[in-house]
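**Q** Sequence:
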Amino acid sequence: MNTKINIRPGFLPAILLLFTFCPLLAQMTPVQRLTQAMVLEKEGKPASAIAEIQGLLDSRALDTLSTGKAWHIQGLAYADQGEFTLSQHAYEESLRILESLPDNVQDYAMVLDDFGGLYLSTGQFETADKMKTKALGLYEKVDDHAGIVRASYDLATVAFRQKKVAEGSKNLKRAVKEARAANGLDDDDRATIASLQGWQAQFDGDYPLSTAKYRQALDLWRRLHGENHPYTGWGYLLLGDADAAAGQLTAALQEIKQSMAILERSVGRQNPRYLAAEMAYARVLDVAGFQSEAAQIRSAAEPLLRDIYRRQCAGCTLNSTTFY
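All residue numbers for the sequence shown refer to this note's numbering, where the first residue is 7 and numbers rise by one.
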């Protein structure tokens with residue numbers, strides 16, 4: 007794989023803009039800047055996080071461990087932008103660095119877990135399962151209960167994506183159990199667990215419970231991130247899908263439309279998640295009897311989504327519902 011990363015158009019303006027609005031950033035230590043980059047990523051600002059991390063990497067001001075963590079953040083941020091190849095490169099760099107630090111099992115496991123998430127998002131379920139299972143074993147080795155929770159609910163996601171309900175339910179049950187003993191979990195973790203419980207209920211045909219759990223997840227994401235974060239936008243999409251499955255088509259259309267508006271503001275119309283939301287909206291329109299409008303939306307969104315997959319993920323087993 008070619009590991010060269012070219013400077014993208016707009017990269018230097020992004021750096022200048024970051025320092026214009028954050029003059030104190032230039033006075034931070036490299037480690038403080040690394041922490042700030044992680045905050046930017048958590049806030050749903052991957053472009054700003056990427057610019058800050060690239061500046062740190064170019065400066066060579068970080069020690070070996072921090073450099074590994076920087077590449078990890080870069081991997082997360084590129085994944086959020088739908089830049090699969092760049093995200094893969096960043097994760098590989100992070101793992102290469104961290105595997106030379108055998109005392110940092112937890113950091114290595116976190117990168118491995120998130121890297122597995124990239125393979126999950128591109129439909130490579132077997133690879134995702136292997137990586138997340140290995141991460142789970144490492145978390146168990148260092149008795150990291152929060153890590154065990156995250157790896158377990160990630161493995162539940164892998165199983166549910168493949169409609170392996172019994173396996174997914176088993177992993178989800180473990181995540182819920184381990185959460186009682188875990189420190190360091192936040193509302194993102196609780197929202198993820200609630201959304202998976204909603205998914206499980208949907209498999210079981212319990213639509214009231216499914217809707218309630220997805221609404222709980224959305225409320226947690228809104229409380230933590232506000233109305234203009236990708237997670238909140240995705241939460242509206244999940245709730246809309248649950249309402250559609252329950253036959254509540256008017257509510258579903260409103261919720262998915264809200265999802266699209268948030269995703270457009272936060273990640274843009276060319277992001278795979280926004281395009282997946284458009285595809286979901288078209289599916290509900292179809293069921294509601296608006297076939298002409300649905301076909302128009304689908305004919306515009308589907309080629310863009312397939313083109314992104316083709317360009318960014320050569321050889322991946324993808325389809326138009328990979329992100330949904």
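Derived from the structure by calculation, the hints contain no laboratory data. A virtual CB, placed ideally from N, CA and C, is assigned to each residue, including glycine. Hints are supplied without guarantee of correctness; some may be wrong.
Within a straight-line C-alpha distance of at most 27 angstroms, the following computed DSS-like cross-link-like pairs (lysine-lysine) qualify [said to hold, decoys possible]:
#	residue 1	residue 2
1	136	176
2	136	147
3	140	176
4	48	170
5	140	169
6	183	136
7	147	183
Cβ pair distances, simulated, as ranges [to be verified]:
#	residue 1	residue 2	range
8	292	112	45 to 51 angstroms
9	168	263	26 to 32 angstroms
10	168	292	23 to 29 angstroms
**Q** Could you work out which of the previously given hints the structure breaks and list their numbers from low to high?
**A** Checked against the structure, the only hint that fails is number 4, while the rest are satisfied.
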